[in-house]
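> Chains as they are written, first to last, in my numbering: chain R, 1 to 256; chain P, 1001 to 1256; chain Y, 2001 to 2256; chain L, 3001 to 3256.
These aren't lab readings, by the way, just hints derived from the structure by calculation.
Check the hints yourself; a few may be wrong.
Here are the simulated EDC-like pairs of lysine to aspartate or glutamate, each with C-alpha atoms no more than 16 Å apart in a straight line [to be verified]:
no., chain 1, residue 1, chain 2, residue 2
1, P, Lys1100, R, Asp122
2, R, Lys100, P, Glu1249
3, R, Lys100, P, Glu1139
4, R, Lys48, P, Asp1082
5, L, Lys3100, Y, Glu2156
6, P, Lys1100, R, Asp174
7, Y, Lys2100, L, Glu3023
8, L, Lys3054, L, Glu3076
9, P, Lys1048, R, Asp137
10, P, Lys1100, R, Asp137
11, L, Lys3100, Y, Glu2023
12, P, Lys1048, R, Glu139
13, P, Lys1239, P, Asp1226
Listing some non-contacts, in silico: residues in chain P with all C-beta distances to chain Y over 10 Å [what the hints assert, rightly or not]:
no., residue
14, Asp1068
15, Arg1075
16, Ala1114
17, Ile1198
18, Ile1216
19, Asn1227
20, Leu1232
21, Arg1238
22, Ile1255
Computed from a predicted structure; not experimentally measured.
Quick reminder that beta carbons are idealized off the backbone N, C-alpha and C, glycines included.
4 protein chains.
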Amino acid sequence: MFRVDLNSDIGESFGNYVLGMDEEVLKHITSANIACGFHAGDAMVMDKTVTIAKKLNTKIGVHPGFPDLMGFGRREMIISYDETKNYVKYQIGALWAFAKSQGVELQHVKPHGALYNMAAKDAQMAKAIAEAVYDVDKELILVGLANSVMIKMGKEIGLKVANEVFADRAYNADGSLVSRNIKGSVIHDRDVAISRVIRMVKDNKVTSVTGEDINIQADTICVHGDNPSALLFVQEIRKALEGEGVKVEPICSFIK
Amino acid sequence: MFRVDLNSDIGESFGNYVLGMDEEVLKHITSANIACGFHAGDAMVMDKTVTIAKKLNTKIGVHPGFPDLMGFGRREMIISYDETKNYVKYQIGALWAFAKSQGVELQHVKPHGALYNMAAKDAQMAKAIAEAVYDVDKELILVGLANSVMIKMGKEIGLKVANEVFADRAYNADGSLVSRNIKGSVIHDRDVAISRVIRMVKDNKVTSVTGEDINIQADTICVHGDNPSALLFVQEIRKALEGEGVKVEPICSFIK
Amino acid sequence: MFRVDLNSDIGESFGNYVLGMDEEVLKHITSANIACGFHAGDAMVMDKTVTIAKKLNTKIGVHPGFPDLMGFGRREMIISYDETKNYVKYQIGALWAFAKSQGVELQHVKPHGALYNMAAKDAQMAKAIAEAVYDVDKELILVGLANSVMIKMGKEIGLKVANEVFADRAYNADGSLVSRNIKGSVIHDRDVAISRVIRMVKDNKVTSVTGEDINIQADTICVHGDNPSALLFVQEIRKALEGEGVKVEPICSFIK
Amino acid sequence: MFRVDLNSDIGESFGNYVLGMDEEVLKHITSANIACGFHAGDAMVMDKTVTIAKKLNTKIGVHPGFPDLMGFGRREMIISYDETKNYVKYQIGALWAFAKSQGVELQHVKPHGALYNMAAKDAQMAKAIAEAVYDVDKELILVGLANSVMIKMGKEIGLKVANEVFADRAYNADGSLVSRNIKGSVIHDRDVAISRVIRMVKDNKVTSVTGEDINIQADTICVHGDNPSALLFVQEIRKALEGEGVKVEPICSFIK
């Protein structure tokens, strides 16, 4: 049987600023990556997000980012190994408090933005993140870019890992994502995107931007809930997957 | 047998900024209140502080404050009940991650600065803090100003509480601290301060600024490690207490 | 001839967070209060806002707030006289740099949120703000709640002042705003709101919540551009005023 | 006649955190680079620093940094051209307000930490900084690493520039600083450091770490006031320069 998780970045509002259609998207995904106040989110938003996720029985995870609210964690910062490790620990703990208060468990950790992208390639940064997760709670699943250094390092440290794939992004022949600055990096045709996702999940294959078929493990698919159109696409992907006999479940139910 | 705890605010450095003689004062106290990044402290400082406290076997607790680094958490902020509750939860969680990583337990929560002072009088704020602590971990001891609304509310919510007294501060007849703006609020004579502390611990009495003896419960004494002189005073208080047969121990060993 | 200014809070976006229909509302108002990075806004947003305002020939002013992005500057903070003064100076300077770069002049300063409300009643806070403005540039017009301590203090310090009125808010008999917590504080009937505004501008009168007519000077009317409905209301107010023969102009054209 | 400026980073305290012996070092230098609240400093510190500098007749300049208080502006951040430009403008304006209030003029702009180092090599970042300065006030002198891209770009944009040299740092053969990670990057022998400084000022030469003599323009020498020993060294350098007939003056008196 085929199984896959649908994850989305949630809880990215801050103070008076509202971002994302969280309540809606939480109904359609199986795992929520919750911002922890460094690149987005705050204590009020975290509490509210955990409350809604619990009610909907959506699994929650930590979404740690760089300490850069102004840049939404999307700007690379050259921070040390220890800084990376401690920033991740801090953010895990912060979200843990809200999960603990509500009697729910943290399922996973998925780095955000520039931290995610850097850790996909930089072994030291990946190691710092993986160690932070392991030290705080070795049962947490580490989510990273499929086939990346982050996944490799998570395994080495002894964590359960989940390979993440993107429905709407083009891949290089080496399995990395085509940079957003390059034309063709984003797949706008929804039918093409859905076909690719189904192939990744069922055949573990995707066609790279240069035409080769590459191997890819698809444990979890990243989806977005920024606007009504994105939200609709989440529902379409889910329906298409289920129509193909793929069971859409949280990663904790099949990543061991 | 008489028992008392010595507590101090620790881990108040931030980034490049160093504050306090933490490594020294941690040797002489029994409980450390560790800043959590809102009014002071950061993830690097928290990690280092927990590491040192563990090595010295000093108990650690959470020292949550207002989100006001620029004002060091000493400025009153009119925040809502839910904001208070969630800010405290967030900070408990953040420190928990470092404690968990090191295999040590959090012993207590003591609000910082303006949050401490407001919660000593404001029942709603005190309730929000007590509920936050209870919801995250009901075994945590809540430290508040002796006889204050914070202590009363902690008990009502079902928490273990520790009454805090100050060696160097004058008390009003109602048990509240004389405001720092008023002359005579700080006791500069060390011998007088020490005598008062011993009387508070052994007889549960202190003479108020207006001359009356008032009842006061002294579970923990607040001391400072800002400079060599303050550090020396900590050692003097401890020695004097022990000379009087008072056992200086962390609150967890006698607050049940 | 009757003249009045229409002002609105603009440039309240931050980083990735978008707030307000700035480009639209800037077309219909005569004075924009631009956030300066303390309670909202950032350097990118400030640059963009000044650029658009310049193109539309809308006058710009400084909108200083408390250093509380998480609370959007709406939470009271008990800060010192010097802190107030220096925080206001800092924010004036920050916006000045963008105005200077574009070759436009700052017209006014209007405190934001809790700073505005506190300064309407607290003479010390009002004085600190007025002195900050005067020290940096004594030609800047200080905008405050009509009849408030802020206006009085601005005059005393030697500044030009503009009395601000609200179309959609009820007034107490003493000229202060009815607190938002009280029922009836906000006037939802647009026709009533517009009639009140016209009366305030032409007759300098408004009926208080308790039924008395009170004197009120209306130099500038606060309007909002948060959503399409609010934006439409701005256009309706402007049209109604112009229909009554009131000239809608920036305060600098009639406040001397 | 030989002339040189002595500059130091000043006003790096923040809130309750005190850094540097500002009042002392301001007596011995001719130009102060004042932090503006991004990587260090706050409105209170800026006001105090400008006040002291004015009293001592020490020239003041803007010391803009990355928005990274936690990293003290020493961590590289990959920010855009527009972000760089607007962050620099914002910080110039913020300091301008305090200078304007005190009736003193801003003399120069010197980027801080990682921004300084990146701009020494990255032409786009250098250009963004130079344009920001030019747009706000084209009379401001831009201070950058001697012979660097920052200096070149400042000239191209049309600014007056000042070449900065370091007494205690080793130089590569291409005129760049030897990285702090490399052994021998810092010159600890004070006599050697002083001799090098005098040679740079009088002969425009310095011996690189690989033994070659390189050409270097020394308009201003960077000194530190972090501790009593550093402070003493400032006095020694100044005395040695004056003993060699070098006039120690602010850059505005000889950079045209």
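> In ascending order, which of the hints set out earlier in this document are inconsistent with the structure?
1, 2, 5, 6, 7, 8, 9, 11, 12, 13, 14, 15 and 16
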